[in-house]
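Q: So you can see what is in the structure, the chains are spelled out below.
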Amino acid sequence: EAGVTQFPSHSVIEKGQTVTLRCDPISGHDNLYWYRRVMGKEIKFLLHFVKESKQDESGMPNNRFLAERTGGTYSTLKVQPAELEDSGVYFCASSQGPGTIYEQYFGPGTRLTVT
Amino acid sequence: AQRVTQPEKLLSVFKGAPVELKCNYSYSGSPELFWYVQYSRQRLQLLLRHISRESIKGFTADLNKGETSFHLKKPFAQEEDSAMYYCALLLSGGYNKLIFGAGTRLAVHP
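In order, the protein sequence lines correspond to chains A and B.
Counted from 1, the first sequence has number 43 at position 43 by the numbering used here; the numbering is strictly sequential.
Counted from 1, the second sequence has number 121 at position 6 by the numbering used here; the numbering is strictly sequential.
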């Protein structure tokens with residue numbers, strides 16, 4: 001079974017440019033999450049989708065970040081315009097259901113570097 | 116506020132030595148705690164969860180509500196245990212997000 005996949009694996013952009021990260025969850029997983037790890041800091045929650053609906057977007061840092069999950073399948077996270085502090089590793093995770101019982105499976109991450 | 120603290124950035128031990136990775140949490144609700152591990156060039160993966168009360172790869176972790184701790188232990192470390200370990204708290208009450216600690220890098224030397 002294919003795990004969570006993310007594209008690209010690495011992106012280098014200049015400040016002010018736009019970048020779109022993609023996440024494909026495990027097939028059948030309604031719950032999709034975005035997290036990020038900024039250099040030297042802990043992994044932080046960004047948002048949670050249940051199917052195509054945003055269940056919790058309390059971790060989104062500001063309105064330069066836009067996440068979508070059209071049709072409840074893959075998700076995109078767009079950063080526009082990118083700032084230096086957006087550099088880090090962006091993780092996507094998916095789970096079959098909510099709560100403790102259902103494990104969140106993580107993708108390999110996208111390393112974003114803003115110069 | 117909810118918080119997970121892992122006080123050690125790096126823990127360096129020799130093969131066969133006991134290991135204890137510390138994790139403390141702050142949460143007013145009923146805590147659901149996990150340990151995640153990331154081996155070199157691999158993705159983050161679940162190691163164990165406190166409700167399972169199981170031992171995975173020789174690791175165990177006991178939730179101590181009095182001390183608000185969830186330390187990860189292994190009696191005899193192996194070189195293949197070298198990795199980054201993250202303690203995480205799952206918020207309850209309709210939320211489903213994990214709050215991670217900063218992580219501890221475990222280095223097991225031969």
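No lab work stands behind these hints: they were computed from the structure.
Certain hints may be false.
[Stated by the list, open to error] Estimated spans, in silico, between C-beta atoms of each pair: (1) A:LYS54 to B:GLY144: 14 to 24 Å; (2) A:GLY71 to B:LEU161: 23 to 33 Å; (3) A:GLY16 to B:LYS130: 41 to 51 Å; (4) B:LYS124 to A:SER53: 29 to 39 Å; (5) A:VAL50 to B:GLY144: 32 to 42 Å; (6) B:THR120 to A:ARG111: 23 to 33 Å; (7) B:THR120 to A:SER58: 14 to 24 Å; (8) A:THR70 to B:LEU161: 40 to 50 Å; (9) B:LYS172 to A:GLY40: 23 to 33 Å; (10) A:GLN80 to B:PRO225: 43 to 53 Å; (11) B:GLY144 to A:LYS51: 20 to 30 Å.
Remember, it's a predicted structure, so these values are computed and weren't measured experimentally.
Just so you know, even glycine gets a beta-carbon here, dropped at the ideal spot from N, CA and C.
Q: Against this structure, judge whether each hint is valid.
A: The hints, checked one at a time:
1. Distance hint for LYS54 (chain A) and GLY144 (chain B): a CB-CB separation of about 22 Å, consistent with the stated range 14 to 24 Å.
2. Remark: the range hint 23 to 33 Å for GLY71 (chain A) to LEU161 (chain B) is upheld by a beta-carbon distance near 28 Å.
3. At roughly 50 Å, the beta carbons of GLY16 (chain A) and LYS130 (chain B) sit within the given window of 41 to 51 Å.
4. Between LYS124 (chain B) and SER53 (chain A) the beta carbon distance is about 38 Å. The supplied range of 29 to 39 Å therefore holds.
5. With their beta carbons about 21 Å apart, VAL50 (chain A) and GLY144 (chain B) fall outside the hinted range of 32 to 42 Å.
6. Here the CB-CB span from THR120 (chain B) to ARG111 (chain A) is close to 26 Å, well matched to the stated 23 to 33 Å.
7. Separation of THR120 (chain B) from SER58 (chain A) is about 21 Å and conforms to the stated range, judged on CB atoms against 14 to 24 Å.
8. Checking the proposed 40 to 50 Å range against THR70 (chain A) and LEU161 (chain B) shows it is violated: the Cβ atoms sit about 28 Å from each other.
9. Taking 23 to 33 Å as the suggested C-beta distance range, the pair LYS172 (chain B) and GLY40 (chain A) conforms, at roughly 28 Å.
10. A hinted range of 43 to 53 Å holds for the C-beta pair GLN80 (chain A) and PRO225 (chain B), which are about 49 Å apart.
11. Separation of GLY144 (chain B) from LYS51 (chain A) is about 26 Å and conforms to the stated range, judged on CB atoms against 20 to 30 Å.
In summary, the numbered hints that this structure violates are 5, 8.
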